[in-house]
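**Q** Read off the chains here:
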Amino acid sequence: NAGVMQNPRHLVRRRGQEARLRCSPMKGHSHVYWYRQLPEEGLKFMVYLQKENIIDESGMPKERFSAEFPKEGPSILRIQQVVRGDSAAYFCASSPRSDPLFDEQFFGPGTRLTVL
Amino acid sequence: AQSVTQLDSQVPVFEEAPVELRCNYSSSVSVYLFWYVQYPNQGLQLLLKYLSGSTLVKGINGFEAEFNKSQTSFHLRKPSVHISDTAEYFCAVSATAGNNRKLIWGLGTSLAVNP
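Keeping their order, the protein sequence lines are chains A and B. Under the working numbering, the first residue of the first sequence is numbered 12, with each subsequent residue one higher. Under the working numbering, the first residue of the second sequence is numbered 80, with each subsequent residue one higher.
Hints are supplied without guarantee of correctness; some may be wrong.
Within a straight-line C-alpha distance of at most 20 Å, the following computed SDA-like cross-link-like pairs (lysine to any residue) qualify [stated by the list, open to error]:
hint : chain 1 : residue 1 : chain 2 : residue 2
1    : A       : Lys82     : A       : Gln61
2    : A       : Lys55     : B       : Leu125
3    : B       : Lys128    : A       : Glu115
Simulated coverage check for chain B against chain A, where a stretch passes if three residues somewhere in it have a Cβ under 8 Å from a Cβ of chain A [what the hints assert, rightly or not]:
hint : region
4    : 118-127
5    : 181-189
Label-pair restraints from in silico Cβ distances [unchecked claim]:
hint : chain 1 : residue 1 : chain 2 : residue 2 : range
6    : B       : Asn140    : A       : Thr125    : 26 to 34 Å
7    : B       : Gln150    : A       : Arg95     : 36 to 44 Å
8    : A       : Arg26     : B       : Pro158    : 45 to 53 Å
9    : B       : Phe93     : A       : Glu83     : 48 to 56 Å
10   : A       : Pro50     : B       : Ile162    : 21 to 29 Å
11   : A       : Ser77     : B       : Asn140    : 34 to 42 Å
12   : A       : His21     : B       : Ala191    : 20 to 28 Å
13   : B       : Gln124    : A       : Pro72     : 25 to 33 Å
14   : A       : Ser69     : B       : Gln121    : 24 to 32 Å
15   : A       : Gly39     : B       : Gln121    : 17 to 25 Å
16   : B       : Thr84     : A       : Arg20     : 27 to 35 Å
None of these hints come from the bench; they were simulated from the model. A virtual CB, placed ideally from N, CA and C, is assigned to each residue, including glycine.
The following block holds chain B by itself, in its conformation from the complex (with noise of 0.2 Å):
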């Protein structure tokens, strides 16, 4: 069965530092990995996805991941985090369970940029 864990609870990090938010799934058949981030008191929205192709996977708001199947992980990073940054962060992983796929959830990780 497939399973994502996000290592840290909660980043925080200066306004303008380089951050990574860290993510590692388990799977025994390919992945598809993603990144969401939900703002406060909003829902989730979609980041950034890995399907196929380039490890290196380019999201909205200068975000971008690297998918490391030998270390079976898919890092969030952004070179300059901004204040409008902070929020939650969610890595999921597609299951398959029958004829439909769903995402299956880490436990997210907060980031909190300050100034």
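Bound conformation, chain A alone (with noise of 0.2 Å):
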């Protein structure tokens, strides 16, 4: 059972450009939970989505990025305008259930974007 796949792996943009950052979690997980990584912010929720639905998406910023987790294929964070402080380690995560009390997440290895 492969884990959680992130890619690309890495990730280089120029300022203006658009990012789109993807994620297949495991197999049988409905849940995708997005994270941002910032060297001295820690770990930061994003977004919280299952299958055509975005359940929680109150650590998104308001402008420029958006996500979705449609029927068929990986969720997707797309992050339009980049700028530089969006340079950081994006991770995504997936579970079975919405419960984190029962359900581990399984983490992917991260996309790092770096904006030029």
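Put the two chains together into one complex; each comes in its own frame, and the hints tell you how they fit.
**A** The structure is reproduced here in structure tokens:
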């Protein structure tokens, strides 16, 4: 059973370009979480999605960021018009259900975004 | 609101020495606590969790943690570390927002095991 897959592992963008980060959850997992890790801020929750639904996006910046988890295919985190402050590691995690008490979140290896 | 404080950002230690990584939390409700480990260039992996019952929780790779409600702490310990334990360690507490639970994370502690 393959783990959570994220691609690309490294992504370099110039200011103003778009970044698209992909996450394929573990087989049988229908819940996906996106986190951003900044050196001085630790791991921050961004968004929680189920198939075709955004459940909690309280951690997402209001502008330029969006996320989706379509019925078929990976979850996508999209950042439009990137700025230098978007440079970070973005982690995806998946779980079979929504309750972190009883369902471990399995993390992917992350995508390291660098904005020049 | 729940929060997590990891008191040490970096912990250097020699191989085979004991180690304790400290974690304190604040919460006005019952808490559930977790420790995750992140090896270099990898994602996070669950080490152990406390939900209820015995306050001493044993995890993978020889780690254990003790839940202390009066001190609001959940410190991680290992009696003898290996070079391979060099990693970033994150403490997290569950939080409830509406119908959803999510994890609130500490800033992490970088454990460096030296030969």
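**Q** Hints first: check each against the structure and report whether it holds.
**A** Outcome of the hint check:
Of the pairs offered as hints, the one joining A:Lys82 and A:Gln61 holds, with about 9 Å between alpha carbons and a cut-off of 20 Å not exceeded. Distance hint between A:Lys55 and B:Leu125 is fulfilled; the C-alpha atoms sit about 17 Å from each other, no more than 20 Å. In summary, the hint linking B:Lys128 to A:Glu115 is supported, as the alpha carbons are separated by about 10 Å, within the 20 Å threshold. Taking a C-beta to C-beta cut-off of 8 Å, the region 118-127 of chain B contributes 6 residues in contact with chain A, enough for the three needed, and the coverage statement holds.
Restraint check on the region 181-189 of chain B versus chain A: 7 residues with Cβ-Cβ distances below 8 Å, three needed, restraint holds. Between B:Asn140 and A:Thr125 the beta carbons are some 32 Å apart, a value that agrees with the proposed interval 26 to 34 Å. Checking the proposed 36 to 44 Å range against B:Gln150 and A:Arg95 shows it holds: the Cβ atoms sit about 41 Å from each other. A hinted range of 45 to 53 Å for the beta carbons of A:Arg26 and B:Pro158 is consistent with their spacing of about 49 Å.
Checked against the hint of 48 to 56 Å, the C-beta distance between B:Phe93 and A:Glu83 comes to roughly 51 Å, which is consistent with it. Look at A:Pro50 against B:Ile162: about 24 Å separates their beta carbons, and that is inside 21 to 29 Å. Between A:Ser77 and B:Asn140 the CB atoms are about 38 Å apart, so this pair conforms to the stated range of 34 to 42 Å. Hint check: A:His21 to B:Ala191, Cβ distance near 24 Å, so the stated range 20 to 28 Å holds.
Hint check: B:Gln124 to A:Pro72, Cβ distance near 28 Å, so the stated range 25 to 33 Å holds. Here the CB-CB span from A:Ser69 to B:Gln121 is close to 27 Å, well matched to the stated 24 to 32 Å. A:Gly39 and B:Gln121 have their C-beta atoms about 22 Å apart, which keeps the hinted 17 to 25 Å range intact. The supplied range of 27 to 35 Å is met by B:Thr84 and A:Arg20, whose beta-carbon atoms lie about 31 Å from each other.
Taken one by one, the earlier hints all hold for this structure without exception.
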